[in-house]
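Trainee: Below, each chain spelled out in residue letters.
Protein chains: 2
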Amino acid sequence: MAKAPKASPVSSTTCVRLRSEFVMLGTRQGVHYNKAQVMSLSTQPYKGARDFYPEDKRVQKYMFSVLRKVVESFGYQEYDAPIIEPLELYLAKTSEEIVAEQTFSFTDRGGRSITLRPEMTPSVSRMVAARRQELAYPLRLYSIPNLWRYERPQHGRLREHWQLNVDIFGVPSIAADHEVILIADSILQAFGAKRSFYEIRISSRALINWLMLEYLRLDFTQAAAFMRLIDRMAKISQKEFVTLADALLSPAQRETDVLQRLMALLKVKRLVELPLATQQHPAVAELAKLLQILRENGVNNAVFDLTLMRGFDYYTNIVFEIFDKHPDNNRSMFGGGRYDGLVAEFGVNPVPTVGFGMGDVTLQNFLTGHSLLPTLAPETDAIVILVGDVYEAAQKTLAVLRNEGLRIAVDSSGRKLDAQIKAAVKSGILYVIFLGEHELATQRFKLKDLRLGEEKELGLERLVSKLAARHRPASEL
Amino acid sequence: MAKAPKASPVSSTTCVRLRSEFVMLGTRQGVHYNKAQVMSLSTQPYKGARDFYPEDKRVQKYMFSVLRKVVESFGYQEYDAPIIEPLELYLAKTSEEIVAEQTFSFTDRGGRSITLRPEMTPSVSRMVAARRQELAYPLRLYSIPNLWRYERPQHGRLREHWQLNVDIFGVPSIAADHEVILIADSILQAFGAKRSFYEIRISSRALINWLMLEYLRLDFTQAAAFMRLIDRMAKISQKEFVTLADALLSPAQRETDVLQRLMALLKVKRLVELPLATQQHPAVAELAKLLQILRENGVNNAVFDLTLMRGFDYYTNIVFEIFDKHPDNNRSMFGGGRYDGLVAEFGVNPVPTVGFGMGDVTLQNFLTGHSLLPTLAPETDAIVILVGDVYEAAQKTLAVLRNEGLRIAVDSSGRKLDAQIKAAVKSGILYVIFLGEHELATQRFKLKDLRLGEEKELGLERLVSKLAARHRPASEL
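As you go down the protein sequences, you meet chains G and Y in turn. Under my numbering, read the first sequence as residues 1 to 477, first letter to last. Under my numbering, read the second sequence as residues 1 to 477, first letter to last.
Since the hints were derived computationally from the structure, they do not count as laboratory data. Here the structure is a predicted model, which means the values were calculated and not measured. Any given hint could turn out to be false.
Each pair may be met inside one copy or between any two copies, as identical chains are not told apart.
[What the hints assert, rightly or not] SDA-like cross-link-like pairs, simulated, lysine to any residue; straight-line CA separation at most 20 angstroms:
#1 K289 <-> E392
#2 K448 <-> Y137
#3 K448 <-> T397
#4 K61 <-> N146
#5 K426 <-> A129
Let the sequences and hints guide you as you build the complete structure.
Mentor: And the structure:
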């Protein structure tokens, strides 16, 4: 047993702790942690994931506040679910590639196979199924969950992101598809985007299925392979596409011009250009109606796009994607569609559902690319610089300012005035209030605008109204 | 290769997907998913974790909005970090018990040892260390992260919770300790709590260390064991405590009345009752000053409590806990303290730090126990019931209402009127607006208050002002 240390002069600066045990030390031991261990602790976040310093978090909060405002204006209510779900939830629903190669899947201490959710749709379907009878329809739900995928980080694709999920349950008609696409459009409008910045591409999984299986007479395996190939079309040359497509066909199919008919289909830009045999498919009338309602209400950048494939297996009819038209970032931003079968996978009656997901990284890239991100001031209105030893005396005045709704930091470091001013400038906070014995006695305050360098002496009321005026409302946080 | 199905009557109700492959089906196949697989998919959330349906999420949003408002009024700015951190981060810092038995720790596909964060303090210390030089001090940071611990779920302790984390960096004096305790108090005040509902218990780790090592002359191992025992004191009988305490002592220590002196210490209720030898310890003066400033500014429920031990190893001086005084829930709710050594563990110069964490489950139990949770209406102001086939015709009016800031759902189910009204009542939304051809033509709307059963006919402007008046501001969402 270690010998107890002898009594020594006391000090309050005891600031040591050790790793290996619950250890308390007197001052004499000093700071003697294990340097080797210390140096191995990285200050970097987990690969492909992000730290949000206040200036980053402000951007995210601004984006989320706009998202919440728009989706709530359409009557959607927020929900949430645990970031851990059983692996089975994704085995049944998510695309093969994601489950097999891209999930964060583990075994917990109780032997359960668990996964950090790669998407929210299975979770919300589970929740709706659990209360299938008690819930009122149309049911409108949204969430902004944190999602994880194990993939190689690249531009616009990290291992984690936050994703707005918007879903409407219980509406079988295209009113639901229309509403959800309108919300996607309204969100971009609310951020100040022009409709020339993006395009809304719409198709129908039911129509594509019919074209593949009935019109082109492909079998299931061929159809699946063709859909994957069409999904990659923009990334390969036309020649390569034709070669790969041809290789999927049987000799008999080659003789009946299947490839030529497919290529003709892929050139279709408008519903009326679809082959006559297709015109009677109900999805064609639905797509026409959908595009018409959108255009009549100002959404003039929605187009039919038969080449649109969505990665998830569960879509059943209308699917859509929003494409960024910025020349440097010409890509699919986000999308969604109808998935009428998912809730029923939990053993309850089916519920017609339409939804979409919109990731924060993609959104932020879009806003940055089109110069739509405003400059955001810190959440703090002013920092109080204490002139003299007045921390205690200043408490009542600080409380008054805060009770008036102001967000007031105070430099309680006890440093010299110029060191305090330097730190205030560095902090990015826009205003400084000087508080000394004189100001506390007279209740007149020196307010300095750090951008303009102007200084004014104000009474309490004018101080509050001046700062509250520029004060970003809490509603936007 | 499977034979391609023959052409069949087209239908848009194709709503089938299979698990095993990216498969598209024509209607004829019907709904034929694997029933056995379906039934095994549970609708329950992961054990010890919570689904938040809108009525649950509303409560959380209300709590978080109050938390944000209060901490921002003190000049704190929000940050965030990934929920995954390297395991090493906790090996170095968190209590042994938590790391060894209670973390969700795994190996990722790249062979890295990772952990779902059980607490936020190591992450924020890492972030501050990474930008030690660039950041402006005092640095005030807050976050409301989701945290995970693998433990047996019980009242007030789940496997996951959300926890407000408030930390101030760069202030070595008790001004920082005072501010952080004042924030904890201000939060409970903002929720409407009376100071008789809770007690703020304050002690000093530096003082306790000195008492254990210098005053009682215990060695490190004994001191650690005594501190763990004192932490459990309220849960065991005095007799058991004495027996366990005595067993920790050496024969020589028994002869010098160490146990008697310890028991006398544990009876101390005020700083002045501490033994004379202790009075010169700087922590005593700091505790006295801290209690005085708090009391002078209305915080009259703060007390010195030498029996207060905090679980984490990293505290260096002042520690505090907030105790719920409700007779049915008499327990520690949350707490914090000073940890001046943590940032330096990343190989940079130390930064004095004070902070606390407050969990959402504990907070909600407190608010419920003291009847402080308000009744919260849904985020939706009204649901529009469509009279006749007017979905398309109603779009412009719906857009006007939403542009006026109203949150308007619409029953687009196409059901009969009474089915729509039934669903509206079930939804919990407080108002219904009836929209038919007549209303659209005259722009006068029937507004029904579902609680009172009253119906009024209003023009657009009055409709908006009536609904906006009851409208819970977005700032509280």
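Trainee: Next, verify each hint and record whether it holds.
Mentor: Here is how each hint holds up against the structure:
no., hint, result
1, K289 <-> E392, "between (69 angstroms within a copy, 10 angstroms between copies)"
2, K448 <-> Y137, "between (55 angstroms within a copy, 19 angstroms between copies)"
3, K448 <-> T397, "within (18 angstroms within a copy, 47 angstroms between copies)"
4, K61 <-> N146, "both (14 angstroms within a copy, 17 angstroms between copies)"
5, K426 <-> A129, "between (52 angstroms within a copy, 17 angstroms between copies)"
When each numbered hint is compared with the structure, no violation occurs for any of them.
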